[in-house]
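Build the full structure now, drawing on both the sequences and the hints.
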Amino acid sequence: KLVLKFQTPDGPPVGHVLIWRWPQGANHAYQWDSRKGDAVTLEFRPDDEGQKYRLIIEAEGFARPDSPRITVAKSMAPVSVKLEPPVAVTGRGRVVDQDGKPVAGARVRVGLWLGAREYETPWGPEPATDADGKYELRHLRAGDHFRVEAARDGLTRGVSPRLTAEEGAVVSIPDLRLSSAKHTLIGTITDPSGQPVADARVYTTTPVAKETQSNAAGKFVLYDLPADGNRVWVDAPGFIVREFGSLQEGADLRIRLDRLNPDPADFRLQVRLKPRDGGQVKQSEVWVVEKGPPAQLLFYSWPQDGRYDTGDVRTFGPRAGKTMVLAAEAEGYARPKPVEFSAGKRMQALEIELTPAAPVTIHGRVVDGNGKPVAGAGVGLSAQLYREALDEPWRFFGGNDQLPRTDAEGRFTLSGIAVGTRFAVHTGMSGTNRVVSEWRTAEKPGEVTLPDLVLRPGTRTLAGVVVDAEGRTVAGAKVVQRDRLGRVETVTDAQGKFQLEGLPEEKLYLRVEADDFPFWQGVAQAGQADLRVVLR
Numbered sequence: 069k070l071v072l073k074f075q076t077p078d079g080p081p082v083g084h085v086l087i088w089r090w091p092q093g094a095n096h097a098y099q100w101d102s103r104k105g106d107a108v109t110l111e112f113r114p115d116d117e118g119q120k121y122r123l124i125i126e127a128e129g130f131a132r133p134d135s136p137r138i139t140v141a142k143s144m145a146p147v148s149v150k151l152e153p154p155v156a157v158t159g160r161g162r163v164v165d166q167d168g169k170p171v172a173g174a175r176v177r178v179g180l181w182l183g184a185r186e187y188e189t190p191w192g193p194e195p196a197t198d199a200d201g202k203y204e205l206r207h208l209r210a211g212d213h214f215r216v217e218a219a220r221d222g223l224t225r226g227v228s229p230r231l232t233a234e235e236g237a238v239v240s241i242p243d244l245r246l247s248s249a250k251h252t253l254i255g256t257i258t259d260p261s262g263q264p265v266a267d268a269r270v271y272t273t274t275p276v277a278k279e280t281q282s283n284a285a286g287k288f289v290l291y292d293l294p295a296d297g298n299r300v301w302v303d304a305p306g307f308i309v310r311e312f313g314s315l316q317e318g319a320d321l322r323i324r325l326d327r328l329n330p331d332p333a334d335f336r337l338q339v340r341l342k343p344r345d346g347g348q349v350k351q352s353e354v355w356v357v358e359k360g361p362p363a364q365l366l367f368y369s370w371p372q373d374g375r376y377d378t379g380d381v382r383t384f385g386p387r388a389g390k391t392m393v394l395a396a397e398a399e400g401y402a403r404p405k406p407v408e409f410s411a412g413k414r415m416q417a418l419e420i421e422l423t424p425a426a427p428v429t430i431h432g433r434v435v436d437g438n439g440k441p442v443a444g445a446g447v448g449l450s451a452q453l454y455r456e457a458l459d460e461p462w463r464f465f466g467g468n469d470q471l472p473r474t475d476a477e478g479r480f481t482l483s484g485i486a487v488g489t490r491f492a493v494h495t496g497m498s499g500t501n502r503v504v505s506e507w508r509t510a511e512k513p514g515e516v517t518l519p520d521l522v523l524r525p526g527t528r529t530l531a532g533v534v535v536d537a538e539g540r541t542v543a544g545a546k547v548v549q550r551d552r553l554g555r556v557e558t559v560t561d562a563q564g565k566f567q568l569e570g571l572p573e574e575k576l577y578l579r580v581e582a583d584d585f586p587f588w589q590g591v592a593q594a595g596q597a598d599l600r601v602v603l604r
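Whatever position you read off the sequence shown (first residue = 1), add 68 for the working numbering.
Please note that a few of the clues may not be correct.
[To be verified] Here are the computed lysine-lysine pairs in the DSSO-like style, where the Cα-Cα straight-line distance is at most 27 Å: (1) K546 / K565; (2) K287 / K250; (3) K342 / K413; (4) K342 / K405; (5) K142 / K169; (6) K405 / K350; (7) K104 / K73; (8) K73 / K150; (9) K250 / K202.
Just so you know, these hints were derived from the structure itself, not from any lab.
Please read these numbers as outputs of a predicted model, since none were measured by experiment.
This is the structure:
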């Protein structure tokens, strides 16, 4: 439990309070609480322990306070929140039609932003435009981030960009344009395998009924939709009805319908791992690769008792006729050669024989440029599945496995490697380059010792700027270059600029976080000097 104690300058009572819990790095608030009084108690679940939150607070009659940051624990000290009287700001604007003429009687409402993608609406009074299409907002507070919406029956809704109320200035809101124009919706309907669905009904029911049908190629066009009539249903015999909302005009909508009663034999892949010694397979993994070129890993799974059975129309349907490759591995057996098969509606069952073999253990050492051992370097194993397709679970941040690290002598051990595995070892840590060993094959059970892997300081840099959707620079944003071997991070300056140093010479995975924005993830190349990150 966490107690929030509100403090006011002159001691006036605190009335209605809204509190949003925003997890660190999340795109949306986790939940909100409605409370009253000078002190409120928030309760958290036991599995929230260790989670970091930013609390967004709105107290009726006060300016929005700074957001407290907390880490959930079984016992948490009370947090004091200072509330200040609001500084009133006026906003003025106009609502016009598609020809720029004023629209009288339009309803205007404010949405108050909590973050870049989440806002509370309506917020405060909802005035109507006068005969000249003008309106005035008097309930804005200095520091509020908000947007303005306008609507009138029979017309599209108008929405302003994200705006900020500043003390001592009237906010001039750009014209909100409403339109009575009709729009057209086009699209293509397919089944899960990617085949077109003909004669599917595509229709709307409100505010007016409109209907059309897909042709033999699964294509349809729905004309003269009302301005706000963008909720569409799709119905075809033998398929589950689908509903869509917020459809954009001009976009080629791709609609996939799922069958009501699919044939369980369709696009079914059956695999049996058969030990030659008559033993029982305990732990195993299979990988399905599209042969290409280039070879591409599609999915993987962990079969029970050496048997794998899946009906995957969404994977194999669109690839019908293409050559696929199945790679497999089982504990206590050598890795068998990959098996090719053809994707299709009826696929032959695969039986793969396994040869008993004890595993291989890999030993190695990581040193610096002077030959001294490097402790704490991350170590990852890459195993070749088929040509370019690799098994590299250590690269995934969501993985539950603990990445091996070198000990005080710079040494590492990787055990349980199946005989027949073609592999390479990667290593690195924060502020260094990334090093990979030569590719080699584990030819027989026993011990394999690799030549020393030499880590050197990262020499590359990456510079850029972080801005919001309106092009305004974002100060204080955290910019992180990270992989599971190490990370380098910095914070943007007052002009939103940043520079990362000590980076490896390779493709970089970046994450950018800032208050009131969803996090950004992307890829950049080491040495780039003008990266522009837009937080939306």
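Against the structure, the hints:
1. K546 / K565: holds (11 Å)
2. K287 / K250: It holds: about 20 Å lies between the C-alpha atoms, which stays within 27 Å.
3. K342 / K413: holds (25 Å)
4. K342 / K405: The given pair, whose Cα atoms are some 14 Å apart, holds under the 27 Å limit.
5. K142 / K169: violated (60 Å)
6. K405 / K350: holds (20 Å)
7. K104 / K73: OK: K104 and K73 at ~11 Å, within 27 Å.
8. K73 / K150: Distance ~8 Å between K73 and K150 Cα, so the pair holds.
9. K250 / K202: Cα-Cα ~25 Å, so holds.
Going down the numbered hints, you'll see the structure goes against just number 5.
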